[in-house]
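Colleague: Residues per chain, in single letters:
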Amino acid sequence: MSASPFLVAAALVAMPASPAWPGSRVVRGSPSVDVVTPRGGQRGSETTLTFHGQRLADAADVLFYEPGFELLSMEAPDEGHAVAKVRIAPDCALGEHRLRLRTRTGISELRTFWVGPFPIVDEVEPDNDLDHAQAVGRNVTVHGVVTAEDVDCFVLEMKAGERLSAEVEGMRLAETLFDPFVAILDEKRFELTSCDDSALFRQDPVASCLVPADGRYFVLVRESSYGGSDRCRYRLHVGTFPRPLVASPAGARPGSDVALKFLGDVRGAMAQPFHVPDGAPSDFLVWPEQDGVPSPSGLPLKLGPFEPVAEVEPNDSVAQATPAPLAPPIAFDGILDRAGDVDFVRFTAKKDQKLHVRVHARSIRSPLDPVLSIHKADGGQLDAADDVIGLDSYLQFTPPEDGDYIARVADHLGGGGPTHVWRLVVAPVVPSLTVDVPRFGRDPQARQMIAVPRGNRCATTLHAGRGAFAGEIDVTAAGLPPGVTLHAVKIARNVDTTLLLFEAAADAPLAGSLVELSADCVEPPPSPPLPPLPPLNVHGRLRQRIDLIVAPPNDTNFYDTTVDRLAVAVAEEGPFVLDVQPLKAPLVQNGATGLKVVAQRKPGFDAPIVCRMLWVPPGVGTQPTMTIAQGQSDVVYPLNANGDAAVGTWQLAVQGEAESGRGVVLASSQLVPITIAPPFVTVKLDLAAVEQGQKTQVVAHVEPVTPFEGKAKMSLRGLPSKAASEDREFVAADTTVVFDVTTAPDTPAGKHTTLFVQAIVEKDGEPVYHFLGGGGTLRVDPPAPPSATAAAAPPPPPAAPAAAPTAAPPKPLSRLEQLRQEAKQRQQPPDSKPDTKPDAKPDAKPDASKPAGGQQP
Amino acid sequence: MTRCLLMALIAAAPGESKKTLSKLDVYPSRLALAGKSDVQGFVVQATWADGTTSDVTAAASAVLADATRARLEGGRVAPLADGATELRVTFEGTTVAVPVEIARASEVRPVSFRLDVIPVFTKAGCNSGSCHGSAQGQDGFRLSLFGFDPEGDHFRLTRQLSTRRVDLALPQESLVVQKALGLVAHTGGKRIDEGSESHGVLTRWLEAGAPNDPPDVIRPTAVELFPPNALLEGAGSTQQLRVVARYSDGSDRDVTDLSAFFSSADTTAAISKDGRVTAGQRGEAFVMARFATFTVGVPIVVIPKELAYERPALPESNYVDTLVHQKLHRLRIVPSATCDDAAFLRRAHLDVVGTAPTPEEFDRFLADSDPRKPEKLIDELLGRKEFAELWVMKWAELLQMRTDEQNRVSYKATLLYFHWLEDRIARNVPFDQTVRELLSATGGTFRQPATNYYQVERDTLKVAENVAQVFLGMRVQCAQCHNHPFDRWTMDDYYGFAAFFARIGRKNGEDPRETIVFPASGGEVAHPVGARAMAPKFLGGATPDVKGRDRRAVLAEWLTAPDNPWFARNLVNVVWAHFFGIGITEPVDDARVSNPPSNPELLDELARRFVEYHYDFKRLVRDLCTSRTYRLATATNATNELDGRNFSHALVRRMRAEVLLDVVSQVTETQNKFPGLPIGARAVQIADGNVSNYFLDTFGRASRATVCSCEVKMEPNLSQALHLLNGEATTQRIHDGGVVHRLLAAGKAPRQLVDELYVRCFARRATETELADVLSKLPGEGADAAMVEAALEDLFWALLNSKEFVFNH
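In the order they appear, the protein sequences are chains A and Z.
Quick note on numbering: numbering that gives the first Met the number 0 labels position 423 of the first sequence as 422, and the sequence is numbered without any gaps.
Quick note on numbering: numbering that gives the first Met the number 0 labels position 268 of the second sequence as 267, and the sequence is numbered without any gaps.
Chain A on its own, in the form it takes in the complex:
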């Protein structure tokens, strides 16, 4: 069983009496935060955050992913709430911030909190029609809720020619599937503009207009299909703020100055020179500002070490393609500025140089749905792509020869317009590496944080995403809480998942931190390199996407956020410690073994402990979970290896989970090595046949692989019902083991292909189980009706020559030899040898089917 199905299977195991994510059957740890209110605050202000959830009474701290917050106090009036006073720095970044609540027993899910530039106003019901619209000032942020079929109306005074902008954070608040709609109406209730979904914010709307006359203007907010609930909270930014929709160019090099233009504002394009900070991440937001008033949300830029090339119109044909002055890595920036526009660019590339070609459009929130094609310099198409990364296009291109190539960008439906910005990156494929914590079940946030009980351990799996390289990866951590050590197992070349084991000292202080995980591959260059290459040195870090709204259809992710650090905290002592007894003997291919898991329980704790093998090497199968029963202290965790199990020594850990009475607590065993080795012997079973009620022999041909000492045991398994054989012993020198099989008159007739043998070889005093000779066949025939001559004749001798009881056992006959003997007997005169056998197939030969894997001892 490979790792991922194993995890999926594991996710389906539910624990009774455990708190569950709504609509999910997955256990989750303590504490749990559903939502933080208010959903945002103004920068430079103090605000009181209320965490709503379960098991929050021991709240201790808030882990903020970004700077700009100061925790002033923390109170927890009850298990359902924790209240934190927070100061938001005046220079705190605008937009979404991520945080987790830490309690003395664990860390909550990631939740978000939005920081805006405007003062906050709370919505006051009833404001359900224009006659009861709530008066608001300019450039404020309204915190409201759209309950079922609710319409919220706001009114503000405006002067002719002023810009009235309304932007809603609804889906982005990541509380529930909430698809808001906004409209701006004049005093006579005519709609000036409205928006349901926007290219910039997907489901969140943004509407802006120049008001035609002095007067009162209404802003309406509702759910787009008249839905709504108490969880449909929103932040409505309303006022005269600029609301451009896209930045152009949509990318730059970190550390460079760029003449940005913001497009799509109702007052026209806005020029805003901008210095891109050094070391800025590739996904970057830039905040437009006009007359000292910023937009409440930023516009995305794609940063990277690419030479920027601005398109030069007209570039509507191959001949007019905008050329790049340099070879890749380059980034072309352009706009499909009218319906039907097509842009061509030209770049030079070397033969066989693998290139990424990526069009950024939706990733920079352009309304464009790009279609990309690559052409030879004369226009002949070489490759094309559409909708590879969402609606954006991407392809890997290997130039067939040195020379110029053309890339063409068009809209899938022939659209275009002033905001249809695109950025085309052409860059050589370089090795890349990220790591992430795999999902645990359906809840996207389950077990994505680590709470290590004092004096105990907690483990997680870690997945490596290798791009364009293969090699062993080291994982290290920086910023662990005091007293916590990380035991990280190297990610072997042939796998992409490993274990991280965190261990907290018994006296580690209760504290938490966001830990940076580094992944490094340092390997000598693969041989033989074409030109001399430096040793491969790939560095990566955690990149964890957290899906915040998962909803129908098909549990799709509607809104997510990505973090680069793993939350780790020291929690109060747990109720049990798990240990695994190391094995002395190896687990052989086509073999099985058991790991003894021992729990040291705290006095008074006798709840069942569900043990979970977090990861197994390739070719090894196991049970999703095994349970140490209530009051018991151990369980044997079975492992079995198929014939292809990866030979070598691997590290395993078993994590226990138990209901503490206040949520589930986790504690991992230590890492234990397990060796996977080839089997000591291989076995082939000869085909055997028998009449119902008769006896026969099944011959196992044994071939030694690894020498062993002493006597080993072998038993024949998989016989049909009412057939039996006795166990045999064998030594390293034996080449055959013969099983006498007895059948009963009612043993089912037919071809039974389920036979195999279990061989137990002792190694260092431990049994090593083998399951060999899979697919062995025993044919059971019904007795033939006696013929007329047979009835008168004396009883026939048995098919196999009968041995005198005192004589040494004769050499067992193979099936073929038996058939030959029978044929010979048939050729004798009928009166001397009556033929009572039905026609046997003369072409039967020993079955060389492959050994069975995955059998349980």
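No lab work stands behind these hints, which were simulated from the structure alone.
Hints should not be assumed to be uniformly reliable.
[Unchecked claim] Below, a sample of chain A positions facing chain Z; criterion: calculated Cβ distance under 10 Å:
1) 148
2) 196
3) 412
4) 557
5) 561
6) 731
7) 732
All C-beta atoms, glycine included, are put in the ideal place defined by N, C-alpha and C.
With chain A held as given, fit chain Z onto it using these hints.
Modeller: Okay, now just chain Z, sitting in the frame of chain A:
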């Protein structure tokens, strides 16, 4: 001379002696004989001054001008020598000359499998669905249904069970002959008479070696049925029909003997196997002939002999009345009188806006003395938003607006789709434009909601069927598996039409609930016989050049072109059916040759005007609702009591489920709550066909699962009655709405209050008898107020349970 006199005597049969001949017609009007065996018949029709017609073929004298070119042979013209001549037909002193052309007079055309043999099978019924034409064949032998696959038929006859079905050595021993003649056991019995023309064809074909046709064999291109109409007087009078087929090489052929005949109303006009109509009881029938892939028909009207009828002088509001009256006159029917103001007010309200008139509207309308007040009322109603809402609902049904179980159409998409349509109808966007927008819709299902049309139904063939049914009023489904038996559509037509929808691309939008629909660059529809890719071909039209174009847009242009023969007709018919309870073609989505409109002239004129109005629904509705015909009473007279199709009186119609619920809510002053809609929303505003409630289900609301007009159930049933009697629809609403309580509190006297309840529910005052009856049952003076209220609520309940309330009349 003597013969002529004799003829005259026969013609002057009793009853006809006083008739004056007004017109004499000979059909076909031209005879073109090609080949020795091309013998053609003709039919002579006399039209009398009173409009009735008679078949006088036998009574008329016919001579050929040049007897060396052709000769008359049993009433048919047979060729003698190449050239031209005239057939002169004389009756009651009137002579009509029919040109006759003769070509290849000595040439004998070899027997043809497609031209001769298959028509024999069709005529004899061998390849019908109940016989060998069934998909599995019959008794081991299969023919393609009505011969849609001649190649396959030839194979099965000559190659399967060789020497059994066809025995070329002994043709008469062939099973195909033996079975057809009933000489051996045959489940289908005897189908062909020994020695008949059909037998002769089979024999000649077998004797010739059962040949298949060369690839360039001519094919029939049109079939005509003569005479084009007949108005027969008196049961028992007859009319012979003749069928002429025209071929791709320009030749024609008398195929009366090879055609199958059937009648839409045997009781009115029965038709024999050889095409002779015999008049029966009064009425109208459509008699049809089927030959090859063609079905053609003519209307036959039968009126009683010596009917006492005088055409009434009726006022006509507009062309609708003119054309309805013309038809009624043909049928000798006198329409009912017009209804009273109150009935008209209620009818117009229910039909145009789907609400009942309020007591205030009732008082105002009745008090208005303007003779033009009906027009004023219609104009006012057409301006109300409820008019648009009603039509949005009707079209939402035909466009199947509903969420689906596979999550392909979310509620949001459905609502946006509904709002898109609502916007088009509210802004009175010409309907052809809306349909073009719909059919060529491209983009995301949220951003371009019309694209949901291609999400609701994603099967190419079904989309094509739906478009034909909804926008052309045609059911072409039959032609998916075989040539349409009762219409002109062949499998080629069907798959050619479906090819317009072969290139619909779909991809996921950014929102997981959204799909982007776009014209794909590839995709074809394959014909099931031979799997050839079909070029897009308009139904009954050309094969357009679609290169580089969105096929759907090309189709939409053809569909909505002013000269499209079906689009406008279908739309006006749908609208007509809403206001008159029955379509001019009925069912409205089953226009076919064999189901002709009851008044084609009216349908044509309405369609012409609708195109002229630039598909402006409101103008069309105005024409219909301001006609005198719309104002006719439901009460019938002796001439029109049997008429249900010719608009000689108004039909009593049960209110549709949604309208009924809205009206119940309106008169009881209660509110509805439907999922996804604000409280108080009307049932006609339900965007999602999957949203319903018990009331709407019981009263037959369309679930919008199909495009069929039959989805809306108008039939009354026991559940409906029980629901109104016992359910919360009446009792609870009367209580919740508190109308009686409020009226009593306003100090209205019981008498006034009873009257108001009548006006509220029936849009009429209570009659004196009703008043007296009700008042006598109310608690007397000084009774407990609660008792009075309870009694009046009982009355309210009784009114809501009356037929007068539930029906539009």
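Colleague: Next step is simple, just say for each hint if it's right about the structure.
Modeller: Comparing the hints with the structure gives:
| no. | hint | verdict |
| --- | --- | --- |
| 1 | 148 | holds, 5 Å |
| 2 | 196 | holds, 6 Å |
| 3 | 412 | holds, 6 Å |
| 4 | 557 | holds, 7 Å |
| 5 | 561 | violated, 18 Å |
| 6 | 731 | violated, 62 Å |
| 7 | 732 | violated, 66 Å |
Hints 5, 6 and 7 from the list above are not met by this structure, while the remaining hints are.
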